[in-house]
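Residue numbers (the numbering used here), protein chains in the order written: chain A, 1 to 810; chain B, 1001 to 1171.
Where hints are given, some of them may not hold.
[What the hints assert, rightly or not] Computed spacing ranges between beta-carbons, pair by pair: (1) A/170 x B/1076: 54 to 64 Å; (2) A/153 x B/1132: 23 to 33 Å; (3) A/169 x B/1096: 35 to 45 Å; (4) B/1099 x A/153: 36 to 46 Å; (5) A/49 x B/1031: 28 to 38 Å; (6) B/1031 x A/128: 22 to 32 Å; (7) B/1032 x A/28: 30 to 40 Å.
Bear in mind the hints are in silico, worked out from the structure with no lab data behind them. Backbone N, C-alpha and C fix where the C-beta goes; we use that ideal spot for every residue, glycine too.
For reference, the chains in residue letters:
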Amino acid sequence: MSAIALLTYNVSKEIRLLGSARSDNVQWSLVQTQVEFLEFVQEVENDPVDLGQMRQEFDIFFSRIATVKEATVFEGLRADPEVRQHLAALSRFIDQAVEIIDAPDSELLQQTPRLAVMAQEIAPRIRALGNSGLDLYARQADAQREAVARTMTQLAVAIAALIGVLLLAILYLNRLNGRIYRRERENKQTSTRMSTVMSTSLDGLIVCDADGLILQFSPAAEGIFGFKEEDVLGQEIGSVIVPDHMRDAHDAGMERMRQNGEKRVVGKGRVKLEAKHREGHIFPVELAIQSATTDEGEIFVAFLRDISNRVAAEAELVAARDKALAGEKLKTDFLSTMSHEIRTPLNGLLGNMSLLRDTKMNPLQERYVGYMETSGRLLMSHISDVLDITRYDAGKLSTRSQPVDISALLQDIVDNQKGTATKNETSLTWRWRGERMNTVLSDHDRLQHVLMNLIGNAVKFTRRGEVSVTVENVGETDNAELLIQIADTGPGIPADLAERIFDDFVTGNVAYDREAGGTGLGLSIAKRFVDALGGEIGVQSVVGQGSTFWVKLPVTPAGPADGKPEQPAILLPTRPLNVLLVEDNEINRIVAREMLQAEGHSVVEANDGPQGVAAATETHFDLILMDISMPIMDGRAATRAIRSSNGASKETVIIALTANAMPEEQKEFLSDGMNGILTKPLSRPALRDLLGHIGRPSSRETQGMIDIGHSDQTRDALGEEAFVKLRARFVSEVDAFQNWLESGEAHDFLEISARAHKVAGSAAVFGAGPLGKTLKQIEAAAKVGNVDDIRDSSARFATSWIRTKTELSQ
Amino acid sequence: MLSYVKKVLLVMSLAVASVSPAMAQQIEAPSGDVVLTVSGAISMTNDGDQLLLDVEMLKGLPATTFETSTIWTDGVHQFKGVSLADFAASVGAEAGLFLATAINDYTVEIPFSDAVAGGPIIAYLMDGEAMSVRDKGPLWVIYPYDSNSLYRSEVVYSRSIWQLDRVEIVQ
């Protein structure tokens, strides 16, 4: 374009040059030189000669030559050396002629012939000048024409280029136009498709603008809300479908969005809300709102679905589930209660049979009692099973983590089952596969229960075959995992039974049941225990060939297991003990009393908590056996009462009698002031063991501040970990008391007495007798307000505490 | 003194003529050499139907002076003369065409539209000197070429007639 502008400028300049020609009619002027010269010559040669006319013709010629010599238009001409020669010759002629012409008439007349000769001589010069000029100007004209032609050619090329560019532009615009047309058509198709989608969508679709005014209301939305599209177009959506109680929140939300673009529902996926029908009823909807920016500003597209039916169905399901759960809980509660209720009289039966054995019986009677005992223990184990299940299902089954010697455990079980196996002519063996891993952290009792069950089953169902137990570590180095497999060559389990063999109350075929017996709870309990231990249990079986039960347990390798002897050495008390028995169940009370009396001890009975507390206050006992669940005041409350009283037996060893105490509960018992736990039903060996501890003063007791026997008892009851924790708490408790006592502040006597009493209770738990004694002296002195006594006993307490603490930490 | 009186008379008579151009008026014949013969559609005459003017009579008309270069001379020169417009008014010409003829009978046509203020003059002095025939005198039609580019054209150059001695106004 700029090239064209430049060329256009050039062309216009050329045109202007052509227009404002500075050349005059130069060629004509040159020709005129000849004409005027010839006219002069004519006058010179005229006869007679007209002098005036001749002079005028000369002057005209003179003027012409002067013009050629001076005028700027002839500059180009004068540049030619040939022309300059001609002009110089002409000038000489004119100079000579002027002298003659300007002379007086007579002289001029006389000189005229000479003038004619001179003119003849110069005439060729005049012609030559004219020819030179013509030549020159012809060349100049050619050059100019060429220049014009060149410029014109350039212009033509430029215009051609411009036309080319314009053609390209047209082509481009044409393509652009085509593309726009195509896009428009696509848009139209898209919008047709969209409207088809909208009208056939099962979900209602509502489109609003930024002010909430409805722009579109799909047929499905009409069906959901009962409005016709034409009725609601342009209306505020809040007034159409939002229930009255949600209007404020809706308006606030719209306002927030307008103010600062905050969107709580838009673009947040599916949301459940309530909506209002045309007829006014409220129903639940599920909706998703998305915003889009269009030329008309932001719009909101909402997809809605009436979920009344779904919500109703869900509510029904939830209700049904709740009902089922409630029923399940009721069943569990019933089972739990019934089991407890059955166990109490059964304990009575077993206890009395135990006593019956001590009487004189004939052999037949002894056999009958043996049968009864076997039946009773089986019944007890069934009840324990049921209790275990209900406890697991109630989420109350907890496990311990203690070192367990796997080899010893398996050996025990195998020994135990050897008799039955031999009877069935079956071999029973166990072995480690791979590297042995004797001691692991697990729950000894639960694991024993599971393995006993599996091995017992294998032995029970196998006749003239073999049962082999293998154990191996199949885990990684850091994550040990025990795989225990119990393989038998028994009858095997059909596939359909194998699938549900770990379910409750599943038993094998009836004939075997009769032979082997079983509630069908054994495996389901085993599965629950294994679950509780974080493991897996399963079975592979081929009917007619045998079954392999396996248990996989994640375990942690541990140091050697507690060297707890299976059958603790029975320590016989060195003297008869005075025992207080607090038990509400008469039969249990009688059994326990008979057992104690059979060992030669004297027994005082109390029927409930208050009676027990009263007796303990009055009399000093060597031992108190305390039932836990009793009406009016349970064993825990009674124990606290005895410990906090100033009674004669406030420091006596109190042992809890309980059927099933969880580890946490046992801790609570100890914190109440109890010293140990005896599990019901009461067995004579367990009772003897306990009595031996109580009645035999520890040899170390006299030397030190701590009764080790007593302390060990607590340790056994609590487990090592809990014991250590409790001990640390005890130490800090005594330290705090000492600091408080010696802080120098004036203390209320009542408070001193209460605090000393509390610390004394704790000291008793750890068998810190001497320390407890000094604390009791402080308590007694504070009660009567004897300041001197308080000071003295405090000093003794301090001394005693230093020694006690040292021994505690050993 | 006499020339002065004559000049005054001519101016007066020319002034009257301009008032009533329709009426042909006789004015005095020139006393010096006739340098310009005016004929054709004019209202002022002094020799039959033509007007003969000497240099003095021309000088008596309103004078215009300007400086310009020309393509026939070297450098810028000052020209003084009577503008064609004043001249047309003085001789009582109102429209038509000036047919200007030189001593050598060279004739050009000057349209009446050229007779405007700032237009061409019939120069009788160049640089304050009278011009001889040898210097393209005594009368030379000069346009102000420098002050107007329109005057730098072939046509205008051809109208710049020198050695002018006759003017005929034709309709």
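Which earlier hints turn out false for this structure, listed by number in ascending order?
-> Checked against the structure, the hints that fail are numbers 2, 3 and 6, while the rest are satisfied.
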